[in-house]
Amino acid sequence: MNPSTRGIEYALAALWLWSGLQPPLSAWDASVSLLQRLPLPADWAAPLFLAACGLDLAFGLLTLWRPCRALWWAQAAAVAGYSLTLAFWLPENWLHPFAPLVKNLPILAMLLWLGARRETAA
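If you're matching positions, the sequence shown starts at 1 in our numbering and goes up one per residue.
Since the hints were derived computationally from the structure, they do not count as laboratory data.
Values in this document were obtained by computation on a predicted structure and should not be read as measured data.
Any given hint could be a false lead.
Stated by the list, open to error - Restraint-style ranges between C-beta atoms, simulated for each label pair: (1) Ala-109 to Arg-66: 19 to 29 Å; (2) Gly-7 to Ser-33: 28 to 38 Å; (3) Leu-84 to Ala-46: 19 to 29 Å; (4) Ala-58 to Gln-36: 18 to 28 Å; (5) Trp-28 to Thr-85: 27 to 37 Å.
Virtual Cβ for every residue (Gly too), placed ideally from N, Cα, C.
Can you make the complete structure from the sequences, with help from the hints?
Spelled out as structure tokens, the structure:
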């Protein structure tokens, strides 16, 4: 494996681990409030939030433990799903000063690149 590829994997692992840990520890109310704006029953917001955080943590751990093509495609699907949810149901994120939707484009590009070139786990 190329050392630069492993660096990308470590960066993605850090991103997934942080996005799974930080919101429930420091932004619970704000996160659940955002999810309550989706066209779902309001009482689904907290469990959905925990599930998304759990998925992010799992992606981070799997990226460190067993990186593989299926993982990159699953992560790309999650990034696309998260992005489409924001784009359609929380569209103010298009104009947010921190550009959360635009930042997903290079992440998606990295995941697609890894998925196209990596066949088996390290």
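| task | Could you see if the CB distance from Leu-84 to Ala-46 stays within 19 to 29 Å? | result | Taking Cβ atoms as reference, Leu-84 and Ala-46 lie about 22 Å apart, which means the hint holds.
| request: For the range 19 to 29 Å, tell me whether the beta carbons of Ala-109 and Arg-66 fit it or not. | output: Roughly 22 Å apart at Cβ, these two residues keep to the hinted range, so it holds.
| task | Hint says 27 to 37 Å; check whether the CB-CB distance for Trp-28 and Thr-85 agrees. | result | Since the Cβ atoms of Trp-28 and Thr-85 sit about 19 Å apart, the hinted range of 27 to 37 Å is violated.
| message | Within 18 to 28 Å: is that where the Cβ-Cβ distance between Ala-58 and Gln-36 falls? | response | The hint (18 to 28 Å, Cβ to Cβ) holds, given that Ala-58 and Gln-36 are roughly 24 Å apart.
| task | Just tell me: holds or violated, for the beta carbon distance of Gly-7 and Ser-33 against 28 to 38 Å? | result | Distance hint for Gly-7, Ser-33 holds at roughly 36 Å.
The structure fails hint 5 only (numbered hints given earlier).
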